[in-house]
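Quick note, the sequences are listed as chains A and B, same order.
Heads up, the first sequence is in my numbering, so the first residue is 1 and it goes up one at a time.
Heads up, the second sequence is in my numbering, so the first residue is 1 and it goes up one at a time.
It should be emphasised that the hints constitute simulated quantities derived from the structure, not laboratory data.
Heads up, some of the hints might be wrong.
What the hints assert, rightly or not - Cut-off 25 angstroms, straight-line C-alpha distance, at most; resulting in silico cross-link-like pairs (DSS-like, lysine-lysine):
1) Lys3(A) - Lys176(A)
2) Lys176(A) - Lys9(A)
3) Lys236(B) - Lys158(B)
4) Lys6(A) - Lys127(A)
5) Lys272(A) - Lys29(A)
6) Lys116(B) - Lys236(B)
7) Lys4(A) - Lys127(A)
8) Lys236(B) - Lys110(A)
9) Lys116(B) - Lys127(A)
10) Lys236(B) - Lys272(A)
11) Lys127(A) - Lys261(B)
Unchecked claim - What the simulated footprint calls covered on chain B by chain A, stretch by stretch (three residues with Cβ under 8 angstroms from a Cβ of chain A suffice, anywhere in the stretch; the number is not a length):
12) 136-143
13) 220-232
Beta carbons: idealized from backbone N, C-alpha and C, even for Gly.
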Amino acid sequence: MEKKAKYAKAAALLALLGIAAALPWLLGKYQVRILTLAMAWTIATLSLNLILGYAGQASLAHGAFLGIGAYSFGIMVERVGLNFWLSLPLACLVTALLGMLVGLPSLRAKGPYFAIVTLCFNVIILKVFENWNWLSGGIQGQVVPRPAFLVQRWARYYFVLAFLVLTLVVMRLIVKSMLGVTLMSIRSNEDLAEAVGVNSFRNKLLAFVVSCFTVGLAGVLLALENGQLDFTITNYLYSFYLLIYLLIGGVATLSGPVVGTIGLYLLLDYMKNIGIKGVEEFRYFLFGLVLVLVIIFFPMGIVGGARRIWEWARGRLRRGEAQEVAG
Amino acid sequence: MSFFLNQVIIGIQLGSQYVMVALGLTLIFGILDISHFAHGHLYMIGAYLLYMVMVLGGVNYWLALFICMAALALVGMLVERAVYRPLRGQPQINTFIAAIGLILMLETLVRGIQPKALSVPKPIDKTLSFGGISMEVQRLIVIIGAILLITALQLFIKRTRLGTAIEAVAQDREGASLVGISVNRISALTFAVATALAAAAAVFMAPLAFISPEMGGVLILKAFVIVVIGGLGSIKGAIAGGYILGLLEALAIAYVSSAYKDVFAFAVLIVILAVRPTGLFRGRD
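Chain A extracted, bound-state conformation:
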């Protein structure tokens, strides 16, 4: 029975991947671009999921790290003239290194205070990029040249899709590993985890650095898709948006960030282009409202809520069967 369910799940995932692979041939240019961006944002949400969903630390600096990843890549490729395949991992490493420098002081603060410190860091980074024209390229911004094999729109789509699948696989490995279990023990009770010998600070730091590496990757992919960067890529509003994608999708699951980000990103884009007066201006009002309602009524998001309903339905079904047998 268990094995059967496992095969069914694998088949469903493969079918989903097949659909994702077929989409560029079915959709228009604009939709392919939006989906590519949505997938890059999904990688960013997955990175926040590691540190917030599994380790329980709400980082609001991910907007800054996204921008740092994007800018380090753009600067390495365009100004330094480094090779593409070298710049990609290097940009992620730079982001991870900065993440370590930020995590060392800030992870000592707990709960909302960690969130506030990281948000302060994000504001500092935004101000630095806003005022330091040499770094951000000022009004012209920073050009991000694409390698020859990524000039085609569909090629970029598959490139981002490949990285999304890779990120999902790595995240699953982390979550199922000893590190994942340790992080969840820290999330549910840090003092208890410490008492049984877990070095919570070191594990949180490790999760934070891996998370920064991943959000750096998302930044690189966004930079490639846009071809152009300006200082607003480091905006702390992005930290908030990632939080919303994650919470509405469902924290501490792997499908939650995917469902939440792609769903909300497409919905936001739809609302932007719908052409009805008022919808565009007020769409984030709706998101704020949904965030408040979700956190009050469904703290586990869409995926968590769906899972609960599914389990409840299955429980009833089983009980019904059991009663029939007994009767």
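Dock chain B against chain A, hints included.
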């Protein structure tokens, strides 16, 4: 020397604003263990309400002050009832995230209705000068108004029955409810007092700067910096921390750089938390 003294006056005035906002934050934290991150955005709503009442409604500034304080007290109670009370007992991070939702709602709402920055006229548009120091009357209003309100708050908490009830809940929530204090009523009251204080700060400050939908964002972060430095839940700490930050900032703007004016406070916070993760002064645990 007179340049320096002018900067000190500006610093005290900035500090007065910070103290009024941080006091509400620290009260709410002390009573309810809530990081009320949307407090700065309620301050922003206060400034816009002032614009509506005074500029559009033609009401006198001083009357508008009381209208704004009363209206925002109600809004504060509404926020407590609708958002924070259902989340009581949940992890602190959940209330914090709910507050972010609230922030998005308030900011988009205001920006959607009025995207442009607005200005409010000064009630007394004069500048006093003596011995090389010149000072706009409005700055004096901020400084004196803050002192009056801070004193009133202290008297309220120390001398009235309701005020002592607030302090009792802050010290021991269970003990307070055992002796018959309604925690729900006290938390509603705390939100009303804190939000009215933020509204007063907004009314005092609005004539000195433009009002815009994002004015609350940076302010609330600074208020958090003050609360952390001053000790979580400590009233004295918030007062001292607010004035210190205001002075530091005014001097840093004058002598270091104005482009990075909002960065100093946050850099200070990161350094302090790196050295002492529980804040400078030990507040309530």
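Hint check:
Between Lys3(A) and Lys176(A) the CA atoms are separated by roughly 18 angstroms; this keeps the pair inside 25 angstroms, and the hint holds. For the suggested pair Lys176(A) and Lys9(A), the alpha carbons sit about 17 angstroms apart, so the restraint of at most 25 angstroms is met. With a CA separation close to 13 angstroms, the supplied pair Lys236(B) and Lys158(B) stays within the 25 angstroms bound. For the given pair, Lys6(A) sits about 49 angstroms from Lys127(A) by alpha-carbon distance, which is inconsistent with the 25 angstroms threshold.
The hinted pair formed by Lys272(A) and Lys29(A) meets the criterion: a straight-line CA distance of about 17 angstroms does not exceed 25 angstroms. Taken as a hint, the Lys116(B) and Lys236(B) pair is broken in the structure, with Cα atoms around 37 angstroms apart against an allowance of 25 angstroms. Straight-line distance between C-alpha atoms of Lys4(A) and Lys127(A) comes to about 54 angstroms, which puts the hinted pair past the 25 angstroms bound. Distance check on the hinted pair: Lys236(B) and Lys110(A) sit about 23 angstroms apart at the alpha-carbon level, within 25 angstroms; holds.
Simply put, Lys116(B) and Lys127(A) have alpha-carbon atoms about 22 angstroms apart, close enough for the 25 angstroms limit, and the pair holds. For the hint linking Lys236(B) to Lys272(A), the alpha-carbon distance of about 48 angstroms lies beyond 25 angstroms, and the restraint is violated. Simply put, Lys127(A) and Lys261(B) have alpha-carbon atoms about 9 angstroms apart, close enough for the 25 angstroms limit, and the pair holds. Note: the segment 136-143 of chain B has 0 residues with beta-carbon separation from chain A under 8 angstroms; the three-residue rule is not met and the coverage is violated.
Counting residues of the segment 220-232 of chain B whose CB lies closer than 8 angstroms to any CB of chain A gives 4, which reaches the minimum of 3, so the coverage claim holds.
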